[in-house]
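> Take a look at the letters that make up each chain.
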Amino acid sequence: MNTEVKIAGVSFKNPVTVASGTFGSGMEYSEFVDLNRLGAVTTKGVSNVPWTGNDTPRVCEVYGGMLNAIGLQNPGIEVFKNRDIPFLNKFDTKIIVNVCGKTVEDYLEVVEKLADEPVDMLEINVSCPNVKEGAIAFGQNADALFNITNQIKKIAKQPVVMKLSPNVTRISEMAIAAESAGADAISLINTITGMKIDINRRTFALANKTGGMSGPAIKPVAVRMVYECANAVKIPIIGMGGISNYEDAIEFIMAGATMVSVGAANFVNPNTTIEVIEGIENFMREKNVSDINDLRGCVR
Amino acid sequence: MKISETGKVVSQKEITKGIFDLVISTKIAELSKPGQFVMVYPKDGTTILPRPISIAEVTSGAIRLVYRVVGKGTNEFSGLKAGDAVRLLGSVGNGFPLEKAVGKRAVLMGGGIGVPPILELSKELLASSKIAVLGYRDNDLFLKEDFDKYIEVKVATEGGSAGTRGNVLDVLRAEHIECDVIYACGPMPMLRAIKKYAEEKNIEAFISLEERMACGVGACLGCVVKTKEKDHHSNVNNARICTEGPVFDAREVEI
Numbered sequence: 001m002n003t004e005v006k007i008a009g010v011s012f013k014n015p016v017t018v019a020s021g022t023f024g025s026g027m028e029y030s031e032f033v034d035l036n037r038l039g040a041v042t043t044k045g046v047s048n049v050p051w052t053g054n055d056t057p058r059v060c061e062v063y064g065g066m067l068n069a070i071g072l073q074n075p076g077i078e079v080f081k082n083r084d085i086p087f088l089n090k091f092d093t094k095i096i097v098n099v100c101g102k103t104v105e106d107y108l109e110v111v112e113k114l115a116d117e118p119v120d121m122l123e124i125n126v127s128c129p130n131v132k133e134g135a136i137a138f139g140q141n142a143d144a145l146f147n148i149t150n151q152i153k154k155i156a157k158q159p160v161v162m163k164l165s166p167n168v169t170r171i172s173e174m175a176i177a178a179e180s181a182g183a184d185a186i187s188l189i190n191t192i193t194g195m196k197i198d199i200n201r202r203t204f205a206l207a208n209k210t211g212g213m214s215g216p217a218i219k220p221v222a223v224r225m226v227y228e229c230a231n232a233v234k235i236p237i238i239g240m241g242g243i244s245n246y247e248d249a250i251e252f253i254m255a256g257a258t259m260v261s262v263g264a265a266n267f268v269n270p271n272t273t274i275e276v277i278e279g280i281e282n283f284m285r286e287k288n289v290s291d292i293n294d295l296r297g298c299v300r
Numbered sequence: 001m002k003i004s005e006t007g008k009v010v011s012q013k014e015i016t017k018g019i020f021d022l023v024i025s026t027k028i029a030e031l032s033k034p035g036q037f038v039m040v041y042p043k044d045g046t047t048i049l050p051r052p053i054s055i056a057e058v059t060s061g062a063i064r065l066v067y068r069v070v071g072k073g074t075n076e077f078s079g080l081k082a083g084d085a086v087r088l089l090g091s092v093g094n095g096f097p098l099e100k101a102v103g104k105r106a107v108l109m110g111g112g113i114g115v116p117p118i119l120e121l122s123k124e125l126l127a128s129s130k131i132a133v134l135g136y137r138d139n140d141l142f143l144k145e146d147f148d149k150y151i152e153v154k155v156a157t158e159g160g161s162a163g164t165r166g167n168v169l170d171v172l173r174a175e176h177i178e179c180d181v182i183y184a185c186g187p188m189p190m191l192r193a194i195k196k197y198a199e200e201k202n203i204e205a206f207i208s209l210e211e212r213m214a215c216g217v218g219a220c221l222g223c224v225v226k227t228k229e230k231d232h233h234s235n236v237n238n239a240r241i242c243t244e245g246p247v248f249d250a251r252e253v254e255i
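The listed protein sequences correspond, in order, to chains A and B.
Here our numbering is used: the first residue of the first sequence is 1, the next is one more, and so on.
Here our numbering is used: the first residue of the second sequence is 1, the next is one more, and so on.
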């Protein structure tokens, strides 16, 4: 039975990774999860300088999911290089580093600083507001997405995955923009912008007012978007959005994803990733599927 | 050390309106220190996040959680019965620094649902003297009898129906209680007042903070508090309440 998948020449022992921001840099969850078993660890977004993030409350629960507005708090690329990469390198898993920034130059600086680091792929979070262009997220405008992808690809030493925002009219247009600019893969979906109001306190549940929704409730939207993108581009897709168990993961794979990420479900059960991996293997055995790659995009 | 495991409910009762006393048999009991908490996972799939609940007391092989029903998650927990399975992660957080009380006069302060987290501390703290000051809304003095077994107790109530009228600091003033170190858990206005009091008196105060949490393991960065100095882990002026806390030296946090 083969569970190995490939993206841009990088081999992953299985198709399961974690969604950026839900797993830190692996250190915190390593008390509960054997990181060696994961296809890859996708790290919390890292920027060129440390980011303080938003005020609290930063998280709240909603029906079947949660909202977060952490504000991409992170220690900056220097601490990340000195602490988090060496930690992850002790494990037999692949490392996907998520990169965020406020300007194209910010992203390029991080990508450049990662060039000689022992990491396997870069995932670019384009849901951050572009502060030089009216604070519209890079991923919400096809031209801006093409431009940032193109510039990153010119200097990146590792394969580049563009992480798409679902907060757009047609996600397939964004997938096409990323592909035509040279992206090696795309990942989707990032969180869906939402809001919760605390009716007793007559205020917003989050200090930031809006937050990104994740959790099981968003899964049908995510599956649909993965399917649309799989029909629009040839580059591989890392699918995510509400994956809680192996059935969810297989849905994404059947919709066209090469890999899948477990996100908010890590909070629901720290062992979710391992249960998803074992569940996929059991499913393959039961259904006589000898190669995970045969399941990909099998619904058309 | 933290473990993720399924515990078994030993007993549960409502000790006063809306406040429940839940005893769970779990290996986490052996790992826990005063001031730590557990993440309790709801079973209802629409309620996805675990709830952080402080450990009120540790007995052999079991933890005692005394919590207020405030929403969907705690409402579900209030229905747990002896024998039920309940998924837990713990014990979480740093706990109170017991060593800071050695040879000192300690005051332990709890306000409202911040009373339970200092019960185990009252038992275990070794100080030259120790007094618990408990703040309640009215004369419904839940858990007071438990404290009476281990420590001298003073009470404050908002309306003065029991003990000193006012808050926990009013008790110190009214009873002329001097101390060298304060340990506290309670609502934010109380903790802010204690931080100010301790700074004025130039004494140490260790306060236990609360915040909305998602993961409970330090990964999501949901539950941070602003810190005076740059935090070693975050590399910014934010510390994780679930990991560096929930107990902080009051001088080190901006609340």
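These aren't lab readings, by the way, just hints derived from the structure by calculation.
We put the CB at the ideal spot given by N, CA and C, even for glycine.
You may find that some hints are simply not true.
Computed footprint of chain A on chain B; a stretch qualifies when at least three of its residues, placed anywhere within it, have a C-beta under 8 Å from a C-beta of chain A [said to hold, decoys possible]:
1. 44 to 58
2. 144 to 152
3. 207 to 213
4. 232 to 242
Capping the alpha-carbon separation at 30 Å, the derived lysine-lysine pairs in DSBU-like fashion look like this [what the hints assert, rightly or not]:
5. Lys104/B / Lys43/B
6. Lys33/B / Lys102/A
7. Lys33/B / Lys196/A
Quick partial rundown of chain A residues pointing at chain B, CB under 10 Å, derived from the structure [said to hold, decoys possible]:
8. Ser25
9. Gly26
10. Gly71
11. Pro86
12. Phe87
13. Asn89
14. Phe91
15. Arg202
16. Phe204
17. Ala205
18. Pro220
19. Ala264
20. Asn271
21. Cys298
> Each hint needs a verdict: does it hold in this structure or not?
Okay, the hints, checked on the actual structure:
1. 44 to 58: Satisfied; 6 residues make the cut.
2. 144 to 152: The restraint on the stretch 144 to 152 of chain B is violated, since only 0 of its residues have a Cβ under 8 Å from chain A and three are required.
3. 207 to 213: holds (count 3)
4. 232 to 242: Since three or more residues must qualify, the claim that chain A covers the stretch 232 to 242 of chain B holds, with 6 doing so at under 8 Å.
5. Lys104/B / Lys43/B: Answer violated: lysine 104/B to lysine 43/B is near 45 Å, above 30 Å.
6. Lys33/B / Lys102/A: violated, 42 Å
7. Lys33/B / Lys196/A: Distance of about 35 Å is beyond 30 Å: violated.
8. Ser25: Holds - the Cβ of serine 25/A comes within 10 Å of chain B, reaching about 9 Å at its closest.
9. Gly26: holds, 9 Å
10. Gly71: holds, 9 Å
11. Pro86: violated, 15 Å
12. Phe87: Cβ of phenylalanine 87/A sits 12 Å from chain B, so the hint is violated.
13. Asn89: With a minimum Cβ separation of about 19 Å from chain B (threshold 10 Å), the hint on asparagine 89/A is violated.
14. Phe91: Because about 16 Å separates phenylalanine 91/A from the closest Cβ in chain B, which is outside the 10 Å limit, the hint is violated.
15. Arg202: violated, 17 Å
16. Phe204: violated, 12 Å
17. Ala205: holds, 8 Å
18. Pro220: violated, 15 Å
19. Ala264: Hint on alanine 264/A: holds, closest Cβ of chain B at ~7 Å, below 10 Å.
20. Asn271: holds, 7 Å
21. Cys298: violated, 27 Å
Hints 2, 5, 6, 7, 11, 12, 13, 14, 15, 16, 18 and 21 from the list above are not met by this structure, while the remaining hints are.
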